[in-house]
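Trainee: Given the coordinates of chain A, work out where chain B should sit on it, guided by the hints.
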Amino acid sequence: MKELRRYQWLVGILLVALFLTGCKTGHQFVKKTEFKDSDKIIISFAGPVDEAWATNVGSYAVYEKPDPDIVLNIKGIALNSERTVATITFAAPLNTGEAHILNTTGIMSEGQDLGAGMLTVKKLYIGVLISILLGAALINNFVFTKYLGLCVFFGCSQKRGTAIGMGLVFTIVLSFAAVMAWALYQFVLKPYQLTFLNIVVFIGLVSLSVQGVDTILRKINPALFKAFGVYLVLVIANCIAIAVPLMLADNEYTGWESFSLALGAGIGFLIALFLMACVRERLELAKVPPSFKGLPIAFVVAGLFALAFLGFSGLSIY
Amino acid sequence: MAIQEKTNRQLFVDGILSENPIFKLALSMCPAVGISTSVMNGILLGTAVLFVQVCSSCTIALVRNYIHPKIRIPTYTLTIATWVTVIDLVLAAYVPVAYKAMGLFVRLIVAFAIITMRLEMFASREPVGKSFWDGMGMGLGFMFAMMVLGAVRELLGQGKLLGFDILGFGPLLYFVLPCAGFVVVGLMMGFFNWIEVVYNRRKEA
Numbered sequence: 001m002k003e004l005r006r007y008q009w010l011v012g013i014l015l016v017a018l019f020l021t022g023c024k025t026g027h028q029f030v031k032k033t034e035f036k037d038s039d040k041i042i043i044s045f046a047g048p049v050d051e052a053w054a055t056n057v058g059s060y061a062v063y064e065k066p067d068p069d070i071v072l073n074i075k076g077i078a079l080n081s082e083r084t085v086a087t088i089t090f091a092a093p094l095n096t097g098e099a100h101i102l103n104t105t106g107i108m109s110e111g112q113d114l115g116a117g118m119l120t121v122k123k124l125y126i127g128v129l130i131s132i133l134l135g136a137a138l139i140n141n142f143v144f145t146k147y148l149g150l151c152v153f154f155g156c157s158q159k160r161g162t163a164i165g166m167g168l169v170f171t172i173v174l175s176f177a178a179v180m181a182w183a184l185y186q187f188v189l190k191p192y193q194l195t196f197l198n199i200v201v202f203i204g205l206v207s208l209s210v211q212g213v214d215t216i217l218r219k220i221n222p223a224l225f226k227a228f229g230v231y232l233v234l235v236i237a238n239c240i241a242i243a244v245p246l247m248l249a250d251n252e253y254t255g256w257e258s259f260s261l262a263l264g265a266g267i268g269f270l271i272a273l274f275l276m277a278c279v280r281e282r283l284e285l286a287k288v289p290p291s292f293k294g295l296p297i298a299f300v301v302a303g304l305f306a307l308a309f310l311g312f313s314g315l316s317i318y
Numbered sequence: 001m002a003i004q005e006k007t008n009r010q011l012f013v014d015g016i017l018s019e020n021p022i023f024k025l026a027l028s029m030c031p032a033v034g035i036s037t038s039v040m041n042g043i044l045l046g047t048a049v050l051f052v053q054v055c056s057s058c059t060i061a062l063v064r065n066y067i068h069p070k071i072r073i074p075t076y077t078l079t080i081a082t083w084v085t086v087i088d089l090v091l092a093a094y095v096p097v098a099y100k101a102m103g104l105f106v107r108l109i110v111a112f113a114i115i116t117m118r119l120e121m122f123a124s125r126e127p128v129g130k131s132f133w134d135g136m137g138m139g140l141g142f143m144f145a146m147m148v149l150g151a152v153r154e155l156l157g158q159g160k161l162l163g164f165d166i167l168g169f170g171p172l173l174y175f176v177l178p179c180a181g182f183v184v185v186g187l188m189m190g191f192f193n194w195i196e197v198v199y200n201r202r203k204e205a
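The listed protein sequences derive, respectively, from chains A and B. For reference, each letter of the first sequence is one residue, going 1 to 318 in our numbering. For reference, each letter of the second sequence is one residue, going 1 to 205 in our numbering.
None of these hints come from the bench; they were simulated from the model. Even glycine gets a Cβ: it sits at the ideal position worked out from N, Cα and C. Just so you know, not all the hints are guaranteed correct.
Beyond 12 Å from chain B on every Cβ pair, some chain A residues (computed) [to be verified]: (1) Asn56; (2) Ser81; (3) Ala91; (4) Ala183; (5) Ile203; (6) Ala227; (7) Phe299.
Here are some of the chain B residues that sit facing chain A, going by a computed Cβ distance under 10 Å [what the hints assert, rightly or not]: (8) Leu91; (9) Arg107; (10) Glu120; (11) Gly159; (12) Cys179.
Derived lysine to aspartate or glutamate pairs resembling DMTMM-like cross-links, with alpha carbons at most 20 Å apart [unchecked claim]: (13) A:Lys40 x A:Glu51; (14) A:Lys190 x A:Glu257; (15) B:Lys100 x A:Glu252; (16) A:Lys32 x A:Glu64; (17) A:Lys123 x A:Asp39; (18) B:Lys24 x B:Asp14; (19) A:Lys293 x B:Glu196; (20) A:Lys226 x A:Asp214; (21) B:Lys100 x A:Asp250; (22) A:Lys36 x A:Glu98; (23) A:Lys75 x A:Asp113; (24) B:Lys70 x A:Asp214.
Pulled out of the complex, with its shape left as it was, chain A reads as follows (with noise of 0.2 Å):
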């Protein structure tokens, strides 16, 4: 039993991953709905369907949850051969982010009405959040393509050690901050409409979790401390860590989406820094223009970073 009581821990997690990714449908023959491309929902039942009922486009209405009256037009619905896929596609593509309510006329099912349902279409929960993180840490990376940060990103980047350390405390650091901020917008910043103090509050934020970050390490773990304590300074001078809460807060995220979001934020930094300290590390063998030395050829550099970092803007998860 003690052996089982280990696990306990990974059980729990099991149970949260499931309950993340397990999606309701909402009607008892229908086994999965999913969105495809852009602007296809596709419904698996879990028998054979009539296809005069299945490719009427009457039999369906759908609508984004938040707004009800806005139906979407059905250009065409397409059932496959064993009459169990119905691919429903619309006039214009679909906001796949947000959750979206299928309701049907009562299923015809070999003749026989098994009864209208109301489906729920929406997108895993855990995909959102891994295309948060890939979306922050490479199709809008926080250095190459939205320019925050360039203080540490270029005072930081001269060895790989530094840039490698830099970036892991940052990316601590700043995941502590983005919860903590995230709890105190939705639970005391928006409840009583004092959101004019973001600022104020999430800077004061950000120092107070580097300072509580200082003091634990110190405590802890001495010999991490020493090698590492230098960056936690340079973590507050860093915009990014002020960018980071105040878009969590403009665009209303949930706990888990902030987590990821800051994550995203922070290994975005890390690969930067590090791709940037491999460059600068041969750039001191090259042969550099006297005037170019330092800080203007880093720049440049930067420059070609940003357009190769363009590439990514095609990349998409879903």
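Mentor: Relative to chain A, chain B alone:
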């Protein structure tokens, strides 16, 4: 102390030229790269920075004798954050279109190293009058640098200045793309260094 012998006028001029925050001190680079695509952006953000710098310099100079040295940095940060909130709300109310174009950068003035540095180095030691002129110099220096960058990018990228057609064509479309900011700033810094090198060589000869 050389810094105390400077007159108000010297402080003012130094901020714009020999201690220019962007080209000389290389601080607060984010907006210089991010939104220097036009002269207008430079003027607007420059005004905001000037306002915040002057107001927080004066505030800190006024209360400099009452701040406990141990909590001076948090005090600076909160002072700056307060003034940034003021200018943020004012800009959002009166110039909403331009405010949207500048995105997060107005609110991120709070994290600008240049303002905190001036408070630490100057306003916490000097009287209000001197701090005011130092703040003016630094703020105008920032505005000047942003305008120069904006002018270069707008003129070479679109052939325009402040929205007026000057050249009639854009010789280097690349310059106006967002990702060109790094390259333009790098080239400008190199250019200023080169001028300095040439100037010093002339002086020696």
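Trainee: Mind checking the CB of B:Glu120 against every CB in chain A and telling me if the closest is under 10 Å?
Mentor: violated (12 Å)
Trainee: Quickly compare the C-alpha distance for A:Lys293 and B:Glu196 to 20 Å and report which way the hint goes.
Mentor: holds (14 Å)
Trainee: Given the hinted pair A:Lys190 and A:Glu257, is their alpha-carbon gap at most 20 Å?
Mentor: holds (18 Å)
Trainee: Beyond 12 Å on every Cβ pair: is that true for A:Ile203 relative to chain B?
Mentor: violated (5 Å)
Trainee: When you check the alpha-carbon spacing of A:Lys123 and A:Asp39, does it fall within 20 Å?
Mentor: holds (14 Å)
Trainee: Holds or violated: B:Lys70 with A:Asp214, Cα cutoff 20 Å?
Mentor: The hint holds at about 16 Å.
Trainee: At 12 Å, judged by beta carbons, does A:Phe299 keep clear of chain B as stated?
Mentor: Contrary to the label, A:Phe299 does not stay out of reach of chain B, its closest Cβ about 3 Å off (not over 12 Å).
Trainee: Are all C-beta atoms of chain B more than 12 Å from that of A:Ala227?
Mentor: holds (24 Å)
Trainee: Per the stated criterion, does the least C-beta distance between A:Asn56 and chain B lie above 12 Å, as a non-interface residue requires?
Mentor: holds (45 Å)
Trainee: Would you check whether the claim that A:Ser81 is not at the interface survives, using Cβ distances to chain B and the 12 Å cut-off?
Mentor: holds (49 Å)
Trainee: Against chain B, does A:Ala91 keep a CB gap of more than 12 Å to every residue?
Mentor: Per Cβ check, A:Ala91 is outside 12 Å of chain B; nearest 30 Å; holds.
Trainee: Taking 12 Å as the cut and beta carbons as the points, is A:Ala183 off the interface with chain B?
Mentor: holds (20 Å)
Hint violations for this structure: numbers 5, 7, 8, 10, 11, 23, all remaining hints satisfied.
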